[in-house]
Amino acid sequence: MIEDLKEKAKELLTSKKVDVVIGYEAGTYKDYASPSFAKTAKDVDRFVWNKNCVNNLAIYITKAKGKVGIIAKGCDVKSIIGIIQENQINREDVVIIGIACDGVEIDGEKADKCNFCDVHTPKIYDILIGDKIESKESSQDKYKEVAEIENKSPEERWKYWKDTLSKCIRCYACRQVCPLCYCDKCFVDTTVPQWIPMSVNEDNNMMFHMIRAYHMASRCIGCGECQRACPMNIPLNILSKKMTKEVEEMFGYTPGVDIEAKPAIQDFNKKEDPDKEFIM
Amino acid sequence: MADKLISKEDLNTLIDNLAKDIDVFAPVKKGDMYLYSKISSSKDISLNGKNTKKPLKEVFFGQSEELISFKTAKKEIEIIESEEDGKKRVIIGSRPCDAAALPILDEVFGWDYKDSFYLDKRERTTIISITCNEVEESCFCTSFGNISPSSKEGSDLLLTDIGESFYVEVVTDKGDAIIEGNSNLFKKAENISQKDKRQKEAVEKVKRRVELEGLKEKLDINFEDPIWKEISQKCLGCAACTYLCPTCHCFDIQDEMKKSTGKRVRNWDSCAFGHFTQMPGHQPRTEQFQRFRQRVIHKFKYYVDKFNKTACVGCGRCIENCPVNMDITKVIEKIVSS
Amino acid sequence: MENIYKPYIAEIKEIVRETSDTTTFKLEFVDEEVKKSFDFKAGQFGEYSVFGVGECTFCIASSPTRKGYIECSFKKVGKVTSVLYDLNVGDKIGFRGPYGNWFPIDDMKGKNLIFVGGGIGLAPLRSLIWNCLDNRDDFKDITIIYGARSINDLVYKNELKEWKERKDINFVVTVDPGGEDKDWKGKVGFVPTVLEEVSPSKKNAVVITCGPPIMIKFVVLSLVKMGFSDEQIVTTLEMRMKCGLGKCGRCNIGNVYVCKDGPVFTYKEIKQFPAEF
Amino acid sequence: MADFEPKIVGILCNWCSYAGADLAGTSRLKYPENIRIIKVPCSGRVNPLFIIKCFQQEGIDGVLVSGCHPGDCHYTTGNYYARRKFALMNKMLDFMGIEKGRVQFSWVSGGEGAKWAKVVEKVVADIKKLGPFTKFK
Chain A
1 MIEDLKEKAK
11 ELLTSKKVDV
21 VIGYEAGTYK
31 DYASPSFAKT
41 AKDVDRFVWN
51 KNCVNNLAIY
61 ITKAKGKVGI
71 IAKGCDVKSI
81 IGIIQENQIN
91 REDVVIIGIA
101 CDGVEIDGEK
111 ADKCNFCDVH
121 TPKIYDILIG
131 DKIESKESSQ
141 DKYKEVAEIE
151 NKSPEERWKY
161 WKDTLSKCIR
171 CYACRQVCPL
181 CYCDKCFVDT
191 TVPQWIPMSV
201 NEDNNMMFHM
211 IRAYHMASRC
221 IGCGECQRAC
231 PMNIPLNILS
241 KKMTKEVEEM
251 FGYTPGVDIE
261 AKPAIQDFNK
271 KEDPDKEFIM
Chain B
1 MADKLISKED
11 LNTLIDNLAK
21 DIDVFAPVKK
31 GDMYLYSKIS
41 SSKDISLNGK
51 NTKKPLKEVF
61 FGQSEELISF
71 KTAKKEIEII
81 ESEEDGKKRV
91 IIGSRPCDAA
101 ALPILDEVFG
111 WDYKDSFYLD
121 KRERTTIISI
131 TCNEVEESCF
141 CTSFGNISPS
151 SKEGSDLLLT
161 DIGESFYVEV
171 VTDKGDAIIE
181 GNSNLFKKAE
191 NISQKDKRQK
201 EAVEKVKRRV
211 ELEGLKEKLD
221 INFEDPIWKE
231 ISQKCLGCAA
241 CTYLCPTCHC
251 FDIQDEMKKS
261 TGKRVRNWDS
271 CAFGHFTQMP
281 GHQPRTEQFQ
291 RFRQRVIHKF
301 KYYVDKFNKT
311 ACVGCGRCIE
321 NCPVNMDITK
331 VIEKIVSS
Chain C
1 MENIYKPYIA
11 EIKEIVRETS
21 DTTTFKLEFV
31 DEEVKKSFDF
41 KAGQFGEYSV
51 FGVGECTFCI
61 ASSPTRKGYI
71 ECSFKKVGKV
81 TSVLYDLNVG
91 DKIGFRGPYG
101 NWFPIDDMKG
111 KNLIFVGGGI
121 GLAPLRSLIW
131 NCLDNRDDFK
141 DITIIYGARS
151 INDLVYKNEL
161 KEWKERKDIN
171 FVVTVDPGGE
181 DKDWKGKVGF
191 VPTVLEEVSP
201 SKKNAVVITC
211 GPPIMIKFVV
221 LSLVKMGFSD
231 EQIVTTLEMR
241 MKCGLGKCGR
251 CNIGNVYVCK
261 DGPVFTYKEI
271 KQFPAEF
Chain D
1 MADFEPKIVG
11 ILCNWCSYAG
21 ADLAGTSRLK
31 YPENIRIIKV
41 PCSGRVNPLF
51 IIKCFQQEGI
61 DGVLVSGCHP
71 GDCHYTTGNY
81 YARRKFALMN
91 KMLDFMGIEK
101 GRVQFSWVSG
111 GEGAKWAKVV
121 EKVVADIKKL
131 GPFTKFK
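Residue numbers (our numbering), protein chains in the order written: chain A, 1 to 280; chain B, 1 to 338; chain C, 1 to 277; chain D, 1 to 137.
In isolation and in its complexed conformation, chain A is listed as follows (with noise of 0.2 Å):
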């Protein structure tokens, strides 16, 4: 497989017809695999494809410049697809080197995403390596820890929350690595109006996470990058699935599948009635 990926990126880089490839190489800590940027065929040997190859590269298409080479799992295409959905990027700049993968790792144990993935073989692709692998029905519930604290009282999540978010240091990692979180700039870093104070404690930091979640709402693809990435360990993936599932029933839109279709939040549909229960 990896022979073929790199054959397939050299081709791309000597034909001129990208000016990067983004892959990964070999990290330098623990098993890690590490992004890659090839410029030349060169560079491309220093690719791997490997079990760790966890990260979603899909966030640096919008910061390369030029036509782009990426190389991406099915759900980092589902990223792309949502970028591209959303203007950020042509689809004629990006040629997807799809693979296929039959999950990831994170520090040797499977990654979450990966016990429910249904794109094993990505949705689109300009050239696949590896053979398509069927992808099944999972048989584990997607949404048990949302159903988890959904079951709480409005008590207990206000408290389960606040101790979960009291040890958010606002380093912006989850942001940041979120390639769906493209603004220029984002509402927690201006200053008139300051939304959200600066300082770091519980109150400010829910509500930074609130609005976080919330602009996710009908983005979030599900990639985990934002927990993965959260130094403080903090189970961010949680609200995104909240939305991601309240995007689904009520709005019957699935992010990340149809290139066409128009993001939930930025549509709307004149029939549905979700306004009945609660809009007086």
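Because the hints were derived from the structure by calculation, they are not lab data. Incorrect hints may have been included.
As the list claims (entries may be wrong) - As a list, the in silico BS3-like pairs of lysine-lysine whose alpha-carbon atoms are at most 27 Å apart:
1) Lys245(A) x Lys123(A)
2) Lys109(C) x Lys161(C)
3) Lys7(D) x Lys71(B)
4) Lys30(A) x Lys200(B)
5) Lys109(C) x Lys258(B)
6) Lys29(B) x Lys71(B)
7) Lys6(C) x Lys114(B)
8) Lys152(A) x Lys135(D)
9) Lys167(A) x Lys87(B)
10) Lys53(D) x Lys76(C)
With chain A's structure known, arrange chains B, C and D on it following the hints.
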């Protein structure tokens, strides 16, 4: 100031005694990580865990610290000075790397204008460090001449686990005062060879190393080298490395107002953020590589120029916590060999 | 230990609207002790604060020879200055300072002084100009070249008039092409061009310049062309600082902290900064 | 808690709900005076940050957001977008453990002065029951 021994049981007694009157901070296991926390009993402390997630600096230079508060009434303003509680404090179980970071911060907060918030806390705190039993894959403290898993830089006492007891090395008068005040718990030092063996073992466990030779000379001249773009390419610009760094000290000052009372707060800030440096009319570091360069040069050149030491202690937190495996040791290697 | 972040409280005594977005405050410290003992040198700056909004940095625009008050001029640009701009006489603000280094006034004695200012960049120069004019005999010829985008952007209009009339100053005022009106009696042209026209002698002279970065850049180019040495050119940098005390780490250019080692630098010093700014 | 008088921010669209509130006034309808009104061009303009910002203010115990009925938007579709945003915001607040009723939404047209008075009465009664809001302060 002779070396001493203290049995593990007596150390617990010492901690419990101290915690009665003064604030004791120690690494405490919280969920899946260790954090410096105030403890009330020796039961809470974990001396054998991983290094703490957040560095020791937060005990002296909190992430959000109130500088003044004020009340406004019509046109009148009353400033209320934020007072320190003045309580004596002890830190037990800090790693030598974290302790070594304090003299580095001392320079910043103590040169010229004296920062009372930091220096006051420093003055009333005694630091009891412990020789690392285990080191992490990310540790590279031995790359710096005066720092190692058993170095005394920045500590007042250094404990080394020699089985039944801890071997206690006295570094400063402050450390000695702790022994004086609890002399019944300390015994005469023996087993020095066991201590030396443990310390030597710990030092040998540190496998990661970075050669600093030639780095400063390179940084003096390579500001415009295209290498900066190359080595910083994968950096995402989050502040995990800076916030968790024991020596990073940049901050922002902001006012927070509630009705007629407010406070002026300083918060950790990071050169990785796009809005960090601003000049009238333009932002000089618009690109990520410029901000990354600022971080590296600040630690390994600007700080060195000013205070004649490096603003890095090799604790490895930046390597461990980087979401994209940005490795400062490799970055330095690349710069030196460029 | 003293809290170095605690500001003095100062009352706004007078407000002068200089342009559509620039204003000058005359401030007096509320504490009589501070009012009496407060001293500074031309070129130093302070942290001005609106309580509940925040702090911002600018220089002291009045001369240290005028005791009992300080003046500051600022442009409405950010969070704090926007609120400052709307304050009234009698309102109270915070002030920390004075911070930073100052113009080397002692070294300037017995020399010809050339001031080159642009827009609101005249503010720090004004402090030094009045300082020198109040000790006129200590200095030889004084030349002031001041320009702004348009006549509406000229600051300290009354003082410009006064300088124009004084016999002991060579005063030249200019506006950028298109910024004049039919009654305009000054020059029309960019500051560096006018500077070359006036062509002051480099002999025994010091040039003190401040203005928008792009203006400073071209003024320095002109001066170098005219034969001035790097040591003869002095300027002052402005940056958004937070602490002013050499702690917070946001104003360092190379290994200098603008707030401690500056804001006043000679061109020779600036040349050694990394090409970041 | 009997004498607790909550303060509530009303974020109202300019074209329907604000006019409705106006009508309630000119018709001399009585409704609780606990509400402070902020006018926005359209309910579609309401950013969830507005609601968060309200709660940071000392003494604010509740928020009411109100716009034109679906189909009546002055800008044709603004409130359809708003409806989705509100639905998500509502779920989010609930998920974080903020009591139901702190933030309420309504459609009030320019002709519904009486409905406006009723909506405000209900919101005030609900929030009185919940007591003062101390989170985010």
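Hint check: Lys109(C) vs Lys258(B), CA-CA at most 27 Å. Holds or violated? Violated, because 52 Å separates the two Cα atoms, which is more than 27 Å.
Does Lys245(A) pair with Lys123(A) here, judged by a C-alpha cut-off of 27 Å? holds (21 Å)
For the pair supplied as a hint, Lys7(D) and Lys71(B), is the alpha-carbon distance within the 27 Å limit? Holds. Lys7(D) to Lys71(B) sits at ~23 Å (cutoff 27 Å).
Given the proposed pairing of Lys152(A) with Lys135(D), does the C-alpha separation stay at or below 27 Å? holds (18 Å)
Can you confirm whether the C-alpha distance between Lys167(A) and Lys87(B) stays at or below 27 Å? Cα-Cα ~25 Å, so holds.
Holds or violated: are the alpha carbons of Lys53(D) and Lys76(C) at most 27 Å from each other? holds (25 Å)
Take the C-alpha atoms of Lys29(B) and Lys71(B), compute the straight-line distance between them, and say whether it is at most 27 Å. Violated, at about 40 Å.
With the threshold set at 27 Å, check whether the alpha-carbon distance from Lys109(C) to Lys161(C) stays at or below it. holds (25 Å)
Hint check: Lys6(C) vs Lys114(B), CA-CA at most 27 Å. Holds or violated? holds (13 Å)
Lys30(A) paired with Lys200(B) [C-alpha distance capped at 27 Å]: The hint holds at about 24 Å.
The structure does not agree with the numbered hints 5 and 6 stated previously, though it agrees with the rest.
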